[in-house]
Each structure stands twice: as structure tokens, then as C-alpha cells.
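Undergrad: Work the whole structure out from these sequences, hints included.
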Amino acid sequence: MGQDIVTALLAIIPIGLILGLALAFFSIKFAVKENTKAKAVRTLLPSANCGACGFKGCDDYALAVAEGRAEANLCVPGGGETAENIGALLGVKVEPPKSVAAFVHCNGNCEATGKKAVYEGISSCRAAAMLYSGPGACAFSCIGLGDCAEKCPHNAICVKDGIAHVDATKCVGCGICQSVCPHNVISMVPRKASTAVMCNNKDKGADARKACKNACIGCKKCEKTCKNGAITVENNLARIDYSKCNACGACADACPTGCLKKVNFIKK
Amino acid sequence: METFKTLIVILLSSVFVNNYVLARFLGICPFLGVSKKIDQATGMGVSVTVVMLLATAVTWPIQHFLLDPFGLGYMQTLVFILVIASLVQMVEILLKRFSPALHKGLGVYLPLITTNCAVLGVSINNITDGYNFVESVVSSLGCGLGFLLAMVLFSGIRSRIDESKVPVPFRGLAVTLIAASFISLSFMGFAGIVDALFA
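These protein sequence lines are chains C and B, in that order.
Each residue of the first sequence is one higher than the one before, starting from 1 at the first, in our numbering.
Each residue of the second sequence is one higher than the one before, starting from 1 at the first, in our numbering.
Be careful, since some hints might not be right.
Chain C is nowhere near these chain B residues, computed Cβ spacing over 12 Å in every case [as the list claims (entries may be wrong)]: (1) 36; (2) 127; (3) 178; (4) 190.
In silico contact screen, one side only, chain C against chain B (beta carbon under 7 Å); selected entries [to be verified]: (5) 8; (6) 11; (7) 19; (8) 23; (9) 26; (10) 27; (11) 30; (12) 32.
Simulated from the structure, these hints should not be mistaken for lab results.
These numbers were taken from a predicted model, which means no experiment stands behind them.
Note that CB positions come from ideal geometry on N, CA and C, so glycine has one too.
TA: Below you can see the structure in the form of C-alpha cells.
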């Protein structure tokens, strides 16, 4: 009896010892060198994992920055502060990132536009858009089923009165909403913008007007009013080039349908 | 020829008739836990297959050249757990170093299956069934493939369940277990088939 225990112990202890030593040897001999620089950069990032930088989440971006494959100012949610911190860590000068916010280019609320059909399918813009470009009278409008609101990691979007609204104080500018919108109604607008086009309808003026009272009719009054040539009308739709816009607001005063609106994003 | 036939019978019977998940009810934890998506299920299945093969290749010699000669057969479970766990850890370290891509694919599952009961079960059953070394390896390959098959089948069923309207009291684990029992029942139909094939 006593001998059995001794034999068992004598057999098990060496096995355990050998395996333990082997494991220790393996973990030292084949240790993977982790990039300490990437780790340091990673701690500075906001961990939103939004993908606005164009990389697969914060880990991937930190590695890219540490290896010099990416600029240090690409983190949109982190903004200027994060870019500065990374610059300080790496000892390079970093330009502050562009501060942008998501904007819904549609003002087709329940009052201004109607429905061409009653949609009773899955409650998702992408599904609804597959059937005749959505249930709304306007084929370019915000469908209002809230795919963007659902995907927004910061709860900055809500659907009010049939269209999505972005709360600019909560928006970090990651651009996820822009990528999920089937009608491409959302785009990223610089926060310094003072005017924005509240329409996405590329039909001719009369058709657009029939679909929605607030639509852009492509009359080109804004194009003529703008002294800096910042506005162009393409495909019957006004488009603002914010690099030329000096925020005078004259276009918004000239717009007959009110689809060019003065906006004020809170600085961030 | 006779040995070849035996090997085929062992392989087929361990995939279908004695399927570890669906007939012997071992390895249920990863079966229910990691079968939500088909790619994860495949990753888990492949990892389990690899670990089962390795474990058998190591534990069979240990049983026959170390434990049996010293009359330590009763220490089987303890020794096997010890050996399999450290073996998997070593494989993980090696993978991380030499094949980061493979480590990303399989690495997350490896710690989960270090002492998975299906892996331990295969090693022990190979000994109790009295298989020789080659038979043991073939049997563990079959068991791994059977596990992979069960995982992939079940993940397909689960994705269908996700899309369908399940009565409220059955939502979640309840309906998953019911589905698992059905697929297990269907595998019971394989009993006796393989022997009859080669009779």
C-alpha cells in the first residue's frame, strides 16, 4: 500500500517536472517579441474600434502607426488631443485631424413628402431600399428605419419625424452611419461648415418638387450667388465644396426652397 | 487488406456511429458554446481534430511504455490531463511564434480545449478499446472529424434558428438543446450501418 503511493509519486513528479520545465523552456525560447511602441500607442487611442482610421480597429491602427505605415492623425474619435499625444510619444510633429461630423442630407419630413407604398417588411433601411428604392415618394431620401441609428456606437443618431437626425455634440465622425446608409444620404461634413444641402434628390426640379416640398430643384441660384465658386449643381443637386466656402451664408438666403440651410455644429 | 478494412471501419464508425458529441455526449461545452457561427465552428472543429491527433500520438506510448510496465494504469486520467494540457500549451507557443496567421485562426480555441473531455475521452477510449498505435491515431482522426461534422451541422441549424420565430419560453438555450437532441437522434440512425457495410 505504502509502496504504491511512493511509486505513483515517483512516476508523476518527474513527469510533471519535465513537462513544467519543457513549458518554461518553450515560452522563453519561442517568445514572441511584442511591439512595445505599438502597445504605448494603443493606450493613447480611445478604444472606440470604429474603423474611421481605415484600419481593423484600434489594435491594428496602433501597430500601423508604430511601424510607420500610417499617419498619427487618423484617429477621428480621439481628435487633436490623441494626435498630439501620439506625436509626442513618437517624437514627430503631427497635424491636427480634420474635425468632421455626420450630416443627414435630407429634409423630407412627414410634412414635406409622402409615401408611395406601405412597407411592412423587415424593419431595416437596407431591406426597404431593395423594394423600389424604399417606401418614400422620393427615391433618394432618408428611409427613416434607423439603420444608422442602430449602428452608431455613440448613440448620436435618432429618427425624428421620418428622418434621421445627428446630434453633433455626440458625433465623433467615425463614418459608420455613412457606410450603412443604402441611399448615401449621410456624409461627413467639416464642423466649421455654416451651410449644408438638406437634400439628396437627383431628379429634375419638377419631379423632385413633386416628391418632396423641401427638395433641391437644381435652380442654380446658389451657384450664381456664391462668390467663391464653392457651390456647384451636379445632377440637379447643389453640392458645397467646403474647402472654398467662407461661411458667408448668402446661398442659404438665396435658396428658394430652403433646402440650403444654415447649420451650426458645436465645436469639438 | 484486412488491416485496411479495420482502419476504415474504425474511421467511419468514430465519425458517424460513435460520434463523440452526438452519440457519446462528450465535448458538449464547445458544441453549444462555439457553434453560433459557421466559421468559428469550423475553426473549433479543426483545432479539436488536431489536438485529438496529437494527444493520442503522445498518450498511447505513455500508457503502453510507461504506465502499464510500472502497474500505474490507475494514474491514467491524471497523467493524461497533465500531458495533454502541457502539450496543447506548447503547440500554442510554437504556433504563435512560427505561424501567426494559423495562431489567429486556431489560437483562440486552443486554451479552451486543453483538457476538453472529448480530447481526454478519445485518449482513454483508445486505450480501453485495445487499439494498437495506428488504429488509435485513425480512431482519433475519425473522432475529430466527427466533432467537426457535428459542429458545422449544428452551426447551420443554429443560424436557421436565429432567423425563425421561436416561442418566447423556448428562446435561447432551450431551443438550442432541443435542436441538439434532434440531430443526436438522427445520428443514432447510423448505429450498425458501418459493420453491415463491410460484413
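Undergrad: Each of the hints needs a verdict: does it hold here or not?
TA: To see whether the hints hold, each was checked on the structure:
1. 36: holds (20 Å)
2. 127: Answer for residue 127 (chain B): holds, closest chain C Cβ roughly 17 Å.
3. 178: holds (26 Å)
4. 190: holds (38 Å)
5. 8: This hint holds: residue 8 (chain C) lies near chain B, its Cβ roughly 6 Å from the closest one there, short of 7 Å.
6. 11: holds (5 Å)
7. 19: OK, holds: residue 19 (chain C) within 7 Å of chain B, min 4 Å.
8. 23: holds (5 Å)
9. 26: holds (5 Å)
10. 27: holds (6 Å)
11. 30: holds (4 Å)
12. 32: holds (5 Å)
In summary, the structure agrees with every hint in the numbered list given earlier.
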